[in-house]
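**Q** Below are the chains, spelled out letter by letter.
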Amino acid sequence: MEKSLSWREFIITRLIQASGYSAILFVALIFFFLLREGLPTLSEVDASSLLNFRWYPIESYFGILPLITGSLVVTLGAALIAVPFGIGTAVYISEIAPRWMREILKPLVELLGGLPSVVLGFLGILVLSPFLRVFLDLPTGLTAFTGSLLLGGIAVPTVVSVAEDALDSVPRAYREGAWALGATKWQTIWRVTLPAAKSGVLTAVMLGVGRAIGETMTVMMVTGNAPVLATSLGSLFSPVRTMTATIAAEMGEVANGSTHYHVLFFIGMVLFIISLVVNVIASSVVFRAKKRAERILS
Amino acid sequence: MVDKIIIENLSLQYSDGTESLRGVSMEIRQNAVTVLFGPAGGGKSTLLRCLNRLNDLTEVKASSGRILIDGENILDPKTDVIALRRKVGMVFARPVTLPMSIRENIIYGLELMGEKRKSKLDEAVERSLKLSAIWDEIKDRLDEPAIALSGGQQQRVCLARVLALQPEIVLLDEPTSGLDPISTGKVEAALLELKKEYTVILVPHSVQQAARTADHAAFFLTGELIEYGDGKTLFTNPKQKKTEDYVMGRFG
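In order, the protein sequence lines correspond to chains A and B.
The numbering of the first sequence is the numbering used here, which starts it at 3 and goes up by one.
The numbering of the second sequence is the numbering used here, which starts it at 277 and goes up by one.
By construction, these hints were calculated from the structure, which means they are not laboratory data.
Predicted model, so just to flag it, every value in this text is computed and none were measured.
The reader is advised that the hints may include incorrect statements.
Only pairs whose alpha carbons sit at most 25 Å apart, straight line, appear in this in silico DSS-like list of lysine-lysine [unchecked claim]:
1) Lys518/B x Lys508/B
2) Lys518/B x Lys187/A
3) Lys508/B x Lys187/A
To be clear about the criterion: a stretch of chain A counts as covered by chain B if any three or more of its residues have a C-beta under 8 Å from a C-beta of chain B, and this derived list gives those stretches [claimed, not checked]:
4) 221-231
5) 268-278
Just some of the chain B residues that point at chain A, by a computed CB distance under 8 Å [unchecked claim]:
6) Arg362
7) Pro375
8) Val523
9) Met524
10) Arg526
11) Phe527
For every residue, glycine included, the Cβ atom is placed at its ideal position computed from N, Cα and C.
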């Protein structure tokens, strides 16, 4: 009896350990695969033509700059929409809404977060882009701005739920301390609660941006997919093509092992590195905040 | 002696039905330390939080009765709550310094009121820190984060923050519950100074502290005011059996 128990203990522990290690292994394998397929690009295409503004793979123009700027423009636009809107919603849910409202809003926001992006893209094509074309008097409604609006919508639930958690974990005593000094609700939010939850809110923003930059389906459907270098603010209202959309659209038609194929993987690497940087920044902010919290509590 | 606060038949029930007040009536004198004591769950903190309407922000199911401060019913929905909270300051059990420097903590309330003159602010910082018996300890480090101070120092900074607003009434909810005896002594000494200028209402963290500090004492048990009277008399010669049992340590 004793022996079989300790055996079971051993096996279960090892199984859990193995599943933990496998997560690391998979990430490492993916990264390795990306490197193996993407790095040959550097010997097949010279850096100058890679950093060119012309993406026309059929005639061997592999300038990835328009794709990078395309992604940046769309993501930046999405962040400009998602950050104020998301933080505002989080503040409303956590600080202002009465309890019954909070109990309706929270699951609703999470439901929105679970909406498949292809559904949003569908709505974008059918409703949003014709509306924008008429409303803003554009030659086409399939623009970076359309993508930003939808991506913003996709990032909002992420921002809301993480920021709301952060605000919620601010000790109630902070708020009461401010109220007891005669602070109004808004003064308390702006000068006490939000600064106290700063790191969590920053994480929310980072995760939201990360979600937006990696999003594929929606942007592919609504941004028009024209690989044009974004140079000014005006580019926001013309069609662009993002890195993710390029990979998704072209990977199916490319010859295995060709230069074009390698370049697509190279774009994947760039994307991987960008989201890695965003995540590292986000988690280092969280780490700092944790250390501070420990100091306060000790 | 003037009655600063008159509480008339105050009852209150939280929406989860836990703690409540039942028909509490009492008068609180100006320029004295009034102590509200009794076992946990007796309604002391609830009463304190009624006096500055901090209970507005918790889920309260029902409340009735009146609280008159200087003759005005502060439970009236038309009361200016922000002005009330400036007049009735509060110090909490756990010192809650806000995430900013010591100086910023103290002038926070004044800044909210729109005071910008540096001379006024500096004057308020010095005056209130001296009143809280902490000026000498920290006068050279006012720009350091308040969180770096010890618990006892933080609590006195919180007291100073309240005093900077020049309230008329100071509420203290177990202000020394987390403090060592030396810090506790300093806070209690500050209270004796305070009552010269303010009306002080204290929920102590022990019967001993109640006995040490009380000019007037009120004993609360499960939401009811059992006995209220002169501090010395109540602790040496209580009229009610329940008060005597609690003061003697037979329950609690």
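**Q** Each hint: holds or not?
**A** Outcome of the hint check:
no., hint, verdict
1, Lys518/B x Lys508/B, "holds, 17 Å"
2, Lys518/B x Lys187/A, "violated, 42 Å"
3, Lys508/B x Lys187/A, "violated, 42 Å"
4, 221-231, "violated (count 0)"
5, 268-278, "violated (count 0)"
6, Arg362, "holds, 4 Å"
7, Pro375, "holds, 5 Å"
8, Val523, "violated, 30 Å"
9, Met524, "violated, 34 Å"
10, Arg526, "violated, 33 Å"
11, Phe527, "violated, 30 Å"
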